[in-house]
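Asks: Spelled out, the chains give:
Protein chains: 2
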Amino acid sequence: MTKIQFADRADRKTVETGDAFAPKFDDQGLIPVVTTCATTGRVLMQAWMNAEAIERTIETGEAHYFSRSRQELWHKGATSGEFQLVKEFRTDCDQDALWLVVEQKGGKCCHVGHPSCFYRSITVNIPVSDTEPPKLNTDD
Amino acid sequence: MTKIQFADRADRKTVETGDAFAPKFDDQGLIPVVTTCATTGRVLMQAWMNAEAIERTIETGEAHYFSRSRQELWHKGATSGEFQLVKEFRTDCDQDALWLVVEQKGGKCCHVGHPSCFYRSITVNIPVSDTEPPKLNTDD
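First to last, the protein sequences are chains A and B.
UniProt numbering applies: residue 1 is where the first sequence begins, and numbers increase by one.
UniProt numbering applies: residue 1 is where the second sequence begins, and numbers increase by one.
I should point out that these hints are in silico values taken from the structure, not numbers from a laboratory.
Be careful, since some hints might not be right.
[Said to hold, decoys possible] With the C-beta cut set under 8 Å, the calculated list includes, among others, these residues of chain B facing chain A:
1. F21
2. T39
3. M45
4. I58
5. Q71
6. P133
Glycine included, every Cβ here is placed at the ideal spot set by N, Cα and C.
Using the sequences provided together with the hints, build the complete structure.
Replies: This is how it looks when you write it as structure tokens:
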């Protein structure tokens, strides 16, 4: 049961330039969130929040998400100890995305064991092949 | 008409740790992408790509997205001149999100006139109100 109240989204200008939080949720009740590291500036992960995750993040200052695979509130670090302490919590112009800047406890955000989930890159400025997928380079 | 080929997603371990690009698209054929500034490290915007946008981004080295509001390929900067030159293009462990590091031409990513779309913050570590929405602070 959440108590958080959000502003109305009826007026586009107010949403884009006003001072009231009016997030846009998709038809699953979710909004995408990108999480970056306060120390390195790197993107650590991309995840999703519902209203409850937003409420818990604001009230505790620790990152909470909604796990789509488990369909439940996900307090990051609750099982691993790798909590994320929120340094900044931001929304974008049309309020359909969120950005968390965090201190990542333990230093490894990714369950595969890397500091960032985004540990592989794709080469650009090359023709794509019609027979082979682009190759990923591990370079973290 | 796209020619890009993606790898199969049947094997979770290969998706999470392998070297073949196997992006996961949602039921609209889209994948979320976060774009950060190569100079400041800030998150500039959050958007979406389809297969064609990925192909055009790889081949040209300039950010292409899929506009959900216009339902068409969106070459960022094509009308404004504010192109995004791709410095890094990354995917995450389960390959359901992308990260672009760009040089933002013109310096203003956001259509409202700010350098970043995320120009407003939400205060954390406070109780949420059950009558008023959280207040946004403009601080870019």
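Asks: Look at each hint and say if it fits the structure.
Replies: Outcome of the hint check:
At a threshold of 8 Å, the smallest CB-CB gap from B:F21 to chain A is about 4 Å, leaving the interface hint in force. Interface restraint check: B:T39 against chain A, minimum CB-CB distance 11 Å, threshold 8 Å, status violated. Evaluation of the B:M45 hint against chain A yields a held restraint, the C-beta minimum of about 7 Å falling below 8 Å. The interface hint given for B:I58 is met, as the beta carbon of that residue sits about 5 Å from the closest beta carbon of chain A, less than 8 Å.
Taken as an interface hint, B:Q71 does not check out: its beta carbon lies about 16 Å from the nearest beta carbon of chain A, beyond 8 Å. Below 8 Å, beta-carbon pairs count as interface contacts, and B:P133 has one with chain A at about 4 Å; its hint therefore holds.
The earlier numbered hints that this structure contradicts are 2 and 5.
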